[in-house]
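> Chain residues, written in single-letter form:
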Amino acid sequence: MSSVSEDPDTGIPPAEVPDLPPPHAHGFWSRWVFSQDAKYIALQYSGTAIAIGLVALVLSWLIRMQLGFPGVFDFISAEAYYQFITMHGMIMVVYLLTAIFLGGFGNYLIPLMVGARDMVFPFVNMLSFWVYFLAVVVLAASFFAPGGPTGAGWTLYPPQAILSGTPGGTQWGIVLMLVSLILFIIGFTMGGLNYAVTVLQARTRGMTLMRMPLTIWGIFTATVMALLAFPALFVASVMMLFDRLLGTSFFMPALVEMGEQLSYGGGSPIVFQHLFWFFGHPEVYIVALPAFGIVSDLIAVHARKNIFGYRMMVWAIVIIGALSFIVWAHHMYVSGMHPYFGFFFATTTLIIAVPTALKVYNWILTLWRGDIHLTLPMLFALGFIVTFLNGGLTGLFLGNVVVDVPLSDTMFVVAHFHMVMGVAPIMVIFGAIYHWFPLISGRMLSHRMGLIHFWVTFIGAYAIFFPMHYVGLVGVPRRYPDISASFVPDSVATLNAFITVAALTVGAAQMLFLFNVAWSLARGRKAGHNPWRAASLEWQTPEVPPRHGNWGEELPLVYRWAYDYSVPGAPRDFIAQDDPGHRASWSHVP
Amino acid sequence: MIVAASLVLIVLFSVAFHLVSPWWWTPIASNWGYIDTTLVITFWITGAVFTAVVLFMAWCVFRYRHKPGRVAHYEPESKRLEIWLTALTALGVAAMLAPGLVVWNRFITVPDDATEIEVVAQQWFWSYRLPGADGQLGSSDVTWISADNPLGLNPHDRLGADDVVIDGGDLHLPIGKPVKVLLRSVDVLHDFYVPEFRAKMDMVPGMVTYFWFTPTRTGEFEVLCAELCGTGHGYMRGYVLIDEEAEYEAWLGEQLTFAGLPAGEGVQVANTAEPIGGSDP
Amino acid sequence: MSIVLGFVALVAVIALTWLWRQGVAERPWLETGAVTRSPSPGSQPTGRAGLGVFLIVAGGLFALAGSAVTMRMGYADWFEMRLPRVVWAGTALLALSSLALQAAVFAARRGDGPGLARWIGAGAASMAAFLLAQGLAWARMAETGQGLAATPGASFFYLISGLHGLHILGGLVALARVATRLRAGPGAAAPAVALCAIYWHFLLIVWIAMLAILTGWASDAAALCRAILS
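Protein chains in written order, with the UniProt record's numbering: chain A, 1 to 590; chain B, 1 to 281; chain C, 1 to 230.
For reference, chain A alone in the conformation it holds in the complex (with noise of 0.2 Å):
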């Protein structure tokens, strides 16, 4: 193990924690349950997350086939259609995104790209991944309790969410989705701790903040964004736990339900509303910006160029962290809050589009000028581009506050919400587990299914949110499970019905990606070490994949930033974060 101290030959300071041996694993469960290795983590938590992202795929099938064809699936009541578009909004947002791209990746990265052996808390760190699992066990047991699942809505607005008028109001779906929820943020508070305190002291020697990948700048920031964000959505349930168990009227007004008065009185579901968006917003960009970071390394790595203006990029993802916590209300112009409020929100939201604008731009000049091997990170990156600069502009529509007033609460906001947390960030899962499995698992996917996977989802997605605008701009209401009304026009049917087989391929689509991952695992082509060749230090490792403890005998130094792509003068294309030859040994230094 590496000495504390200070080396006297080199000047290197010493390292922020004493390189000390991860805990080993004897015994079976320690091993492979109760493991606190961060890397065996992250499978945990995406594997959970992927299989009841899976029910919440099914469930966006069951949606669409009422909405492309009304009335023909009979099982499909409007209690039934409301449990699953809150359901589905729910695990998709919470705990299919931020548990993947934070308790998935993060896990699996954060000690890889800074260079540390682990978490600096193993012990919090697997008692993260189990509270989680509690959390989705008690999410999906709603499914199976009397009343079924709630039907409020993701945003489980008060007064409703707990009335008899709400499926799984005033029986155990409401009830359960809180308790979930505050398991949920209960567990992702003890992997925040870990992830933010390990990038904060855990980095090797060498690595400055400034070398850090986007990829940890991403993760890092959306992790601090939601150890301030996620309290707000915990006081919220609790409050409304209260509300609904215990006769309180923290957020429930007099009022008169079916013709019979409530007990209730004086409280304010708006109270409601402000405290679920100062978590809701943030959380829109704790999704948003790991994706960024990961965006930009997949894209630095695959163009053979170092990413363009990372001093930029750096300030802008905490300048949009820091944004988005002045901006929630602009969920709530039509809300009945004051009215003043419209004039402040819609600006900082709007200002908040300029340092997003300015991440696109230095996207695509990283693309410009580089040598674009069209990889299926790439294309995936390429995909996240287009899905995700389409979703951002429809973001200016219903952030401009006057814009937003016929478009709120209508399918526009539905396409525009999937199409920029919804399709982009997973265009960028996508791309990183193409990206990263030959390092987690030593092969390659395979690219042919990758190409269909890709190309069907790409398209078909557009194919699915792009129009939906249009039927939104048409005056068609969200959460209607049928859409016929008087101004709406007989072609927006059969539109919709498309839209549904567009949405039923590309669910197809991602049981070859499942396949793909499946077979990739046993037959999959060798991958080496280092197969896409880049610089950043997670491919550094001693053996690939990366065994516990990951460096081995001695930790890395690192001696530059994670861009050194096709420097003049260097011998290869790239030069390793950890590789200490100097540039001035070389010739043509530009």
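Keep in mind that the hints were calculated from the coordinates and are not lab data.
The structure displayed is predicted, hence computed values, not measured ones.
Each residue gets a CB set at the ideal place from its N, CA and C atoms; glycine is no exception.
Worth double-checking, as some hints may not be accurate.
Computed from the model, here is a short list of chain A residues facing chain C with C-beta under 7 Å [stated by the list, open to error]: (1) Arg244; (2) Ser268; (3) Ala322; (4) Ser484.
Over the 12 Å line for every Cβ pair with chain C, so calculated as not near, a few chain A residues [claimed, not checked]: (5) Trp29; (6) Phe69; (7) Ile76; (8) Val124; (9) Val238; (10) His274; (11) Ile319; (12) Arg369.
Please arrange chains B and C on chain A, whose structure you already have, making use of the hints.
Quick look at chains B and C alone, frame taken from chain A:
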């Protein structure tokens, strides 16, 4: 090659879809043409950005795709380029925000001559109340709600006596007169949404929200609920009819006032316009 | 939401200052070589950094609860809380507990093993007494017609004191773990005791802030500041 071509095709498809497809907003029936204008400005700016960025990306993919011997250009950043791009983006954002805020200011500034009417929502239908001859709505509270008094009007408020109560029927409004729509819910969140009017606002139990508009076209317009309110949300429909003045007066004459309902029998008909103990609802 | 926005602003200032000191304006592609700057917090032990991050999370949680109180105060049915007197006695116990833990830190630094054990015992005992006082306060409030669902102020009191109490229980568990390690000597326990003391001070500050918000002092003070400024 295929990738670059597909990117170009996506742009072409999107632009063609926007220009040619039959799906566009419903013909407007209120004074909020400003909102449509702001929306169109936003479409042009964002459409231009989308087209430019994706086409440039397609060109990059075509021109700089890997070939044996190609080496990427080494350039960590370009301050000038980034400053230019920031400035241009800020300009584009300002061009969308400025008209948006101006129109929002109009949207929240109710003209003095607007007639106040009230829409009351409950699971899952709409009721309405018009101010009657005194031009003022009486006070109300959910605690007054009963089978006889479905909207919870205060039976002791003289201002409410002549209020026209439309419980479960359609709303009629005269063309060309500004209306301030007061919104009240007795149970959960709802949202009074008529696509042709463009304006909408949530109704929140425990408080009164509002928006205003001026009808500009006669006809029959469907009302929908735009805030999830339980199982019947999708079927919470109604109609607003915009009438010429004469037809409107004829319709109004046929409606019941609160004093004519069983719960309102005890109320004195307000004989002065002076409010006594009555307040804004 | 002004309380939580103030809290987030504070965190943002700390974070941005720290980032600036880390050299986020430098050009990393020009800085090739062994190491160009000393690593970040350097002297900060990992446990302390972990606690710091956790306190930000817990602080955010209570700031949000406080924000919910102030938002709810704006509605017509709010009236001032009548807190039972035992709450003030409890608050005094909490302060004593905090002082005892600080004394334990000093004892550990001096290497005074018996003193350390005594002060930890005193801190744990007074903290347990605080929890008891809170329980009495709950019972007293329920007797005097301020049950959980009776008034909005009472609901918030139960909610916030409950959340605070759960944080205290967590702290007591941590302190118990430290106490079992005392045999290894005061020097070995010193860093962990110091962490506990920081957490204890945090619990005290949060509780006083929550009382100030619930009793309306905080909003009175804010109104006074506004009056002076304008």
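> For valine 124 (chain A), is the shortest beta carbon distance to chain C beyond 12 Å?
violated, 9 Å
> According to the definition I'm using, a residue is off the interface if its beta carbon is farther than 12 Å from all beta carbons of the partner; does isoleucine 76 (chain A) meet that for chain C?
holds, 37 Å
> Please verify that the nearest CB of chain C lies beyond 12 Å from phenylalanine 69 (chain A)'s CB.
holds, 44 Å
> Report holds or violated for the interface hint on arginine 244 (chain A), using the least CB-CB distance to chain C and a cut-off of 7 Å.
Since chain C brings no Cβ nearer than about 12 Å to arginine 244 (chain A), farther than 7 Å, the hint is violated.
> Once the shortest beta carbon distance from serine 268 (chain A) to chain C is found, is it less than 7 Å?
For serine 268 (chain A), the interface hint holds, since the closest Cβ of chain C sits about 6 Å away, which is under 7 Å.
> Quick one, is the alanine 322 (chain A) hint okay against chain C at 7 Å, beta carbons?
Where the cut-off is 7 Å and the nearest Cβ of chain C is about 5 Å from alanine 322 (chain A), the hint holds.
> Just double-check arginine 369 (chain A) for me: nearest Cβ-Cβ distance to chain C has to come out over 12 Å.
Arginine 369 (chain A) is indeed farther than 12 Å from all Cβ atoms of chain C, at 16 Å.
> Hint check: is the beta carbon of serine 484 (chain A) less than 7 Å from a beta carbon of chain C?
With a closest approach of 40 Å, the serine 484 (chain A) hint is violated.
> Would you say valine 238 (chain A) is clear of chain C, with no C-beta pair closer than or equal to 12 Å?
Non-interface label fails for valine 238 (chain A): nearest chain C Cβ at 7 Å, not farther than 12 Å.
> Over 12 Å to the closest beta carbon of chain C is the bar; see if tryptophan 29 (chain A) clears it.
The claim holds: tryptophan 29 (chain A) sits with its nearest Cβ about 23 Å from chain C, beyond 12 Å.
> Is it the case that histidine 274 (chain A) keeps its Cβ farther than 12 Å from each residue Cβ in chain C?
Histidine 274 (chain A) is in fact no farther than 12 Å from some Cβ atom of chain C, at 6 Å.
> Beyond 12 Å from every chain C Cβ: check whether that's true for isoleucine 319 (chain A).
At roughly 10 Å from the nearest Cβ of chain C, isoleucine 319 (chain A) sits no farther out than 12 Å, so the non-interface label is violated.
This entry does not satisfy hints 1, 4, 8, 9, 10, 11, going by the numbered hints stated previously.
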